[in-house]
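Peer 1: Here is what each chain is made of, one letter per residue.
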Amino acid sequence: MDTMQDQTITAFGVIAREQLPWLYSLARRLAGDRAEDVVQDCLLRAFKGFPQLRDPQAAPAWFRQILINCANDHHRKRLRAPDEQPLDETSDQTLFRRIVDEDPLPYSDSVHLDFLHSFTDDHVWAVLDRLDPKYRVPLVLVHMEGISTADVSRMLGIPLNTVLSWLHRGRRLFETEMWNYAEEHDLVCQEQGVTS
Amino acid sequence: MIDCTSAVRRLWNFIELDLPEAERDEMDKHLAFCRRCCGEVEFAEELRVLLKDSAGPELPPDAAVRLGEFIDSIEGE
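From first to last, the protein sequence lines stand for chains A and B. Residue numbering for the first sequence follows my numbering, starting at 1 and increasing by one per position. Residue numbering for the second sequence follows my numbering, starting at 197 and increasing by one per position.
Be aware that a few hints might be false.
Unchecked claim - One side only, chain A facing chain B, incomplete, derived with CB under 8 Å: (1) 15; (2) 40; (3) 121; (4) 155; (5) 181.
Just so you know, these hints were derived from the structure itself, not from any lab. All C-beta atoms, glycine included, are put in the ideal place defined by N, C-alpha and C.
Chain A extracted, bound-state conformation:
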């Protein structure tokens, strides 16, 4: 007969394997190329703390919190570093206005929508990867995972005002990088069927 410890280990393996696809997916968006390392750290911490998980239904939220902590540990130095990606707070130049000014799809009747729709999921992740973690993490957690800013503040152990500030800068920088990425990868030209 299995001992209680054997049963616990078996249960951990089953639950952990169920979580792997979405854990990796979230880790990839939070930590880019270091996703696999982050998931491994998460699994190790989860295994050690597994006896504390009393309700298997709570496993996804429990694993998510551990994963976010592990991703933060990977980013800790970056999260404490001063802002390095410049953003002119006084400027009202936005991606919307840049598209108006530069009209990258001159034959389109819905240039803004067409610009956005030229971005596949792969492109969105590539743009995310360009952001400093302090801006990428709140953006992913709030706008992709649907977590409230108050909960992100609690999860990251960072004051709410700081989260809101990083989120604001993150959205502006994401827009800037979308434009840069579209130019560098000829997304606009491909949409129009024009060779570069």
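Could you slot chain B onto chain A? The hints should help.
Peer 2: For chain B alone, kept in the frame of chain A given last:
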């Protein structure tokens, strides 16, 4: 009356219904006459949908194997 720079700064809080009532009223008044900022609001809403609907990266088969083996190894310790 707020200007376009202030309106743009409040844009995302506006679409997420996360503005104090007084600031929301100021936005509504600005949007009533500023077509460009109305476009900003529509564009931000579309961008929000793009982010929300963007499917996360799939777990590559080789990484799935390695992570499965990692689970085996910590179970065996």
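Peer 1: Take the hints in turn and mark each one as holding or not.
Peer 2: Okay, the hints, checked on the actual structure:
1. Given the 8 Å rule on beta carbons, the hint for residue 15 of chain A is violated: about 10 Å separates it from the nearest Cβ of chain B.
2. With its C-beta approaching chain B no nearer than about 6 Å, residue 40 of chain A sits inside the 8 Å limit, and its interface hint holds.
3. Satisfaction of the interface hint for residue 121 of chain A is found here, the shortest Cβ-Cβ separation to chain B being roughly 5 Å, below the 8 Å cut-off.
4. At a threshold of 8 Å, the smallest CB-CB gap from residue 155 of chain A to chain B is about 18 Å, leaving the interface hint violated.
5. The criterion of a C-beta within 8 Å of any C-beta in chain B is not met by residue 181 of chain A, whose closest approach is roughly 13 Å, and the hint is violated.
When each numbered hint is compared with the structure, violations occur for hints 1, 4 and 5.
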